[in-house]
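Given these sequences and hints, build the entire structure.
These protein sequence lines are chains A and B, in that order.
This note's numbering numbers the first residue of the first sequence as 1 and each following residue consecutively.
This note's numbering numbers the first residue of the second sequence as 403 and each following residue consecutively.
It is possible that part of the hints are untrue.
In silico negatives: residues of chain A with every beta carbon more than 10 Å from chain B [stated by the list, open to error]:
| hint | residue |
| --- | --- |
| 1 | Leu108 |
| 2 | Asp288 |
| 3 | Asp305 |
The calculated label-pair distances, taken between Cβ atoms and stated as ranges, are [what the hints assert, rightly or not]:
| hint | chain 1 | residue 1 | chain 2 | residue 2 | range |
| --- | --- | --- | --- | --- | --- |
| 4 | B | Asp414 | A | Glu52 | 14 to 22 Å |
| 5 | B | Asp450 | A | Asp342 | 56 to 64 Å |
| 6 | B | Lys502 | A | Asp342 | 32 to 40 Å |
Okay, the calculated bits of chain B under chain A, using three or more residues with CB under 8 Å as the criterion [to be verified]:
| hint | segment |
| --- | --- |
| 7 | 450-464 |
| 8 | 491-501 |
These aren't lab readings, by the way, just hints derived from the structure by calculation.
The beta-carbon is built from N, C-alpha and C at its ideal position, and this holds for glycine as well.
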Amino acid sequence: MTRRPIYLDHAATTPVDPAVAAEMMRCVGPDGPFANPSSSHAMGRAAARVVERARRVVAARIGADPAGLVFTSGATEANNLAIKGVIAAAPADCRHLVTTRIEHKSVLDTAAAVERDGGAVTYVGCDAAGLVSPDEIERAIRPDTALVSVMRVNNETGMIQPIAAIAEICRSRGVPLHVDAAQAAGRLPLDVRRDGLALCSLTAHKIGGPKGVGALWIRDGVAIAPLLHGGEQQRGLRPGTLPTHQIAGMGKAFELADPAEEGPRLAALRARLWSALERIDGVRLNGDPERAAPHILNVAFPGVDGEALRFALREIAVSAGSACMSDNPEASHVLSAMGLTDAAATASIRFSVGRTTTADDVDEAAARVADEVERLRRLALGAPAWCSAWRSARLTDGPVFG
Amino acid sequence: MDYSAEVERRFDSPAGAGNVAGSGPGIAIGEAEDRVLNVWVRFEVQVDGDTIREARFRAYGCPHTIAAASWTAESLRGAPVSALERLDIEGLQRVLNVPKEKLGKLLRIEDAVRACGEQLSGGASGRRVEG
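Structure below.
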């Protein structure tokens with residue numbers, strides 16, 4: 001049976017906002033600023049002005065100086081540049097990285113690459129709510145630590161990490177702090193200078209911008225080496241012809257994504273969704289609702305197989321953990337770090353609301369989730385405790401035909 | 403994970419799900435589970451002489467498990483009791499396009515069906531636990 005598709009996967013990516021698309025289109029045609037922004041002729045300078053305007057807008061949204069922004073292909077590249085670049089620029093005997101077990105794979109896999117290249121990495125865990133302890137970060141910092149990398153908002157649970165406290169520790173220990181803000185930008189107020197960050201990764205496509213463009217903000221004075229070679233663009237840190245239309249799109253997306261406007265609306269939708277889902281027997285919210293970003297809700301549905309539930313909800317776009325991991329049948333590394341069993345972790349779903357989400361979307365999705373959870377539980381009526389420990393006396397036999 | 407149209411159809415409308423009505427002679431229940439594979443299945447069959455009159459299942463597991471249990475319940479209905487001795491796993495795999503890594507789940511379905519047969523012949527308890 002095909003039902004109306006509902007998109008609740010805005011933490012994975014978002015549709016390009018029409019105003020962003022229009023801004024991008026303006027840059028690609030023969031009458032627009034399509035020329036190479038590094039060229040010195042008039043058309044090149046026109047394109048460069050578009051890039052610089054976008055740079056100012058993005059920088060303003062995160063409280064940064066525009067000169068510190070380096071455009072990249074997205075947050076994954078920005079994370080790679082931040083971590084590998086700072087470690088590579090550090091003295092050979094100071095290549096220790098501190099990060100957490102709940103980072104995005106683009107940080108964890110980069111950290112693994114640092115280890116393979118002879119560096120050292122300390123991974124800090126989290127508590128049952130998915131929050132990293134600043135004290136543990138402090139204990140992990142060593143005299144040879146070159147960088148601390150902690151995400152602002154966890155991409156699976158939405159937990160807002162205590163970055164200001166971690167930044168204060170890093171400042172006092174003289175260690176630069178890199179923050180992956182891919183899920184935070186546009187949804188939470190960001191001020192890299194006030195918060196004391198040294199580097200900050202951003203992406204456009206999570207907030208109505210195009211895929212394929214992001215940025216790394218680097219505080220003046222932070223030593224960093226490039227990953228790519230082949231030109232002097234962006235101070236030699238990220239050579240290659242600047243994609244004017246992509247950057248213009250990112251600028252427009254950051255202009256539109258005002259946390260003061262979007263945050264409360266998203267938080268209300270998220271609360272509405274949880275209010276409906278929490279009526280399902282045995283459900284559990286993964287994380288602390290008081291410390292959550294406004295757009296992400298991660299819920300465990302005990303008593304159903306996770307793969308079965310996701311297939312049952314295939315007309316609702318949601319994720320099992322992060323989208324980058326959704327084809328991976330293993331339990332989420334984030335939920336496992338929070339102490340969830342494999343069964344509970346694989347039966348967890350990440351819902352994420354966005355600019356195009358409506359109250360009707362949320363209500364209908366919650367109703368469909370409740371129906372499918374009950375149907376799958378009925379199908380397993382009589383199952384042993386390990387797969388039905390949630391069991392409630394309220395569940396009785398009934399139709400299982402969806 | 404890709405699912406065939408047959409898996410999708412049987413997952414959405416799992417024919418054969420539920421319990422056999424009534425109790426008494428001629429009814430057998432067989433269960434199998436594997437915690438590692440995250441699968442539990444139970445079959446109930448009702449036989450009349452040498453013929454399986456009714457077969458029903460309950461299942462906890464992935465879409466392939468549910469679809470395979472549904473297909474098995476339907477194929478048992480009207481079959482001779484000897485069909486409880488061995489499932490055509492390869493045929494099941496082919497019909498539903500079940501990936502190789504899920505073969506273990508199909509074997510648990512076979513275990514549950516066999517347990518029904520063993521119970522009918524007065525043998526085992528009708529419950530098999532793996533993993």
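Are all beta-carbon distances from Leu108/A to chain B longer than 10 Å? Per Cβ check, Leu108/A is outside 10 Å of chain B; nearest 23 Å; holds.
Assertion that Asp288/A lies outside the chain B interface [Cβ separation over 10 Å]: It holds; Asp288/A is separated from chain B by about 28 Å at its closest Cβ, greater than 10 Å.
Using the beta carbons of Asp414/B and Glu52/A, state whether their distance is inside 14 to 22 Å or not. violated, 54 Å
Per the hint of 32 to 40 Å, is the separation of the Cβ atoms of Lys502/B and Asp342/A within bounds? violated, 22 Å
Taking beta carbons only, do three or more residues of the segment 491-501 of chain B come closer than 8 Å to chain A? With 0 residues in contact (Cβ-Cβ under 8 Å with chain A), the coverage given for the segment 491-501 of chain B is violated.
Between the beta carbons of Asp450/B and Asp342/A, is the distance compatible with 56 to 64 Å? Because 43 Å falls outside the window, the suggested range is violated.
Coverage claim, chain A over the segment 450-464 of chain B, checked by counting residues with Cβ within 8 Å (three needed): n = 5 at 8 Å, threshold three: holds.
Status of the stated non-contact between Asp305/A and chain B (beta carbon gap over 10 Å): Asp305/A is in fact no farther than 10 Å from some Cβ atom of chain B, at 5 Å.
Hints 3, 4, 5, 6 and 8 from the list above are not met by this structure, while the remaining hints are.
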